[in-house]
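Peer 1: For reference, the chains in residue letters:
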Amino acid sequence: MTVNHSLSDGLVRIELQGELGHHEAITAMQRINEIIEVHLPRRVQLDLAGLSFMDSSGIAVVMRTLRGCRDIGAALSLQGTPQQARRVLSAAGVDKVVDIK
Amino acid sequence: MKNIINEFTVRFPSRSANESFARSAAAAFVAQLDPTVEELYDIKTAVSEAVTNCIVHGYRDTLGSISMTVRLYENGTAEIIVRDRGCGIDDVKLAREPMFTTGGADRSGMGFTIMESFMDKLSVRSVAGWGTTVKMSKRLTRREAK
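Protein chains in written order, with our numbering: chain A, 1 to 101; chain B, 1001 to 1146.
Hint data in this document are derived by calculation from the structure and do not stem from the laboratory.
It is possible that some hints are incorrect.
[As the list claims (entries may be wrong)] Listed below are the simulated SDA-like cross-link pairs for lysine to any residue, each with C-alpha atoms no more than 20 Å apart in a straight line: (1) A:K101 to B:A1031; (2) B:K1121 to B:R1060; (3) B:K1121 to A:A91; (4) A:K96 to B:S1117; (5) A:K96 to B:M1099; (6) B:K1121 to A:R87; (7) B:K1002 to B:E1079; (8) B:K1093 to A:A91; (9) A:K96 to B:P1098; (10) A:K101 to A:V38; (11) A:K96 to B:G1129; (12) B:K1002 to B:T1141.
[Unchecked claim] These stretches of chain A come out as covered by chain B in the derived footprint (C-beta under 8 Å, 3 or more residues): (13) 15 to 27; (14) 78 to 91.
Cβ atoms here follow ideal geometry from the backbone N, Cα and C, with glycine treated the same way.
Put together the whole structure using the sequences plus the hints.
Peer 2: Shown next as structure tokens:
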């Protein structure tokens, strides 16, 4: 699992690549929180296009990211969500609280 | 489910690095039934949840042994049994409720909900102090039959 980010005009784009299960989740959460706390963006895009697998650990990562965004008044959206990850997120109702594309 | 046409059992320590191995091994074996890509992902996801539960809850703060059996049946059903000898679950009904977790902030409490959503059948047997057995099955489409 790798976590990369880029900045432009108040937007932070965070790319997750690889598999996101329990083994990778804590590191991913910590890295995402660091990025948000350092840059204090107005908008956060979580780009999931590079995920080859995600289980319910990914739900916790997305919800924790949402909480971090709300704490600083930033908007969160998911981009490039693969079908498998989308099904996991939808089964948990995450699509009702986060914009998933 | 009729006759078993193939099966394997694997035993591994409850290290989180083995979660990826377990889901990949199960999916690779089930691929013999020629399922769809989506069905294979369903199996991988459900196995990942079951094995993670053993590691996070069954053997919380300890290292134990997890066994996984995958059986393939003549009628195209895949059955997966994941077993630990950890602390067990006091209240299985409560544990299966969405959002319930005894794990930390990094857990969503959606593991059993995902297993139920992605598989056809799920049963959980647990005895506090003796461990937990999760048995789940899914009837696969078998693309060759189309």
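Peer 1: With reference to the structure, classify each hint as holding or not holding.
Peer 2: Hints and how they fare:
1. A:K101 to B:A1031: violated (29 Å)
2. B:K1121 to B:R1060: Roughly 26 Å between the alpha carbons, so the hint for K1121 of chain B and R1060 of chain B is violated.
3. B:K1121 to A:A91: Roughly 16 Å separates the two Cα atoms, so the pair holds.
4. A:K96 to B:S1117: holds (18 Å)
5. A:K96 to B:M1099: Distance of about 15 Å is within 20 Å: holds.
6. B:K1121 to A:R87: Judged against 20 Å, a Cα distance of about 18 Å means the pair holds.
7. B:K1002 to B:E1079: With Cα atoms ~12 Å apart, K1002 of chain B and E1079 of chain B stay inside 20 Å; holds.
8. B:K1093 to A:A91: holds (19 Å)
9. A:K96 to B:P1098: holds (16 Å)
10. A:K101 to A:V38: Not satisfied, since the Cα-Cα distance of roughly 26 Å exceeds 20 Å.
11. A:K96 to B:G1129: Distance of about 38 Å is beyond 20 Å: violated.
12. B:K1002 to B:T1141: holds (16 Å)
13. 15 to 27: holds (count 6)
14. 78 to 91: holds (count 5)
Going down the numbered hints, you'll see the structure goes against 1, 2, 10, 11, while the others check out.
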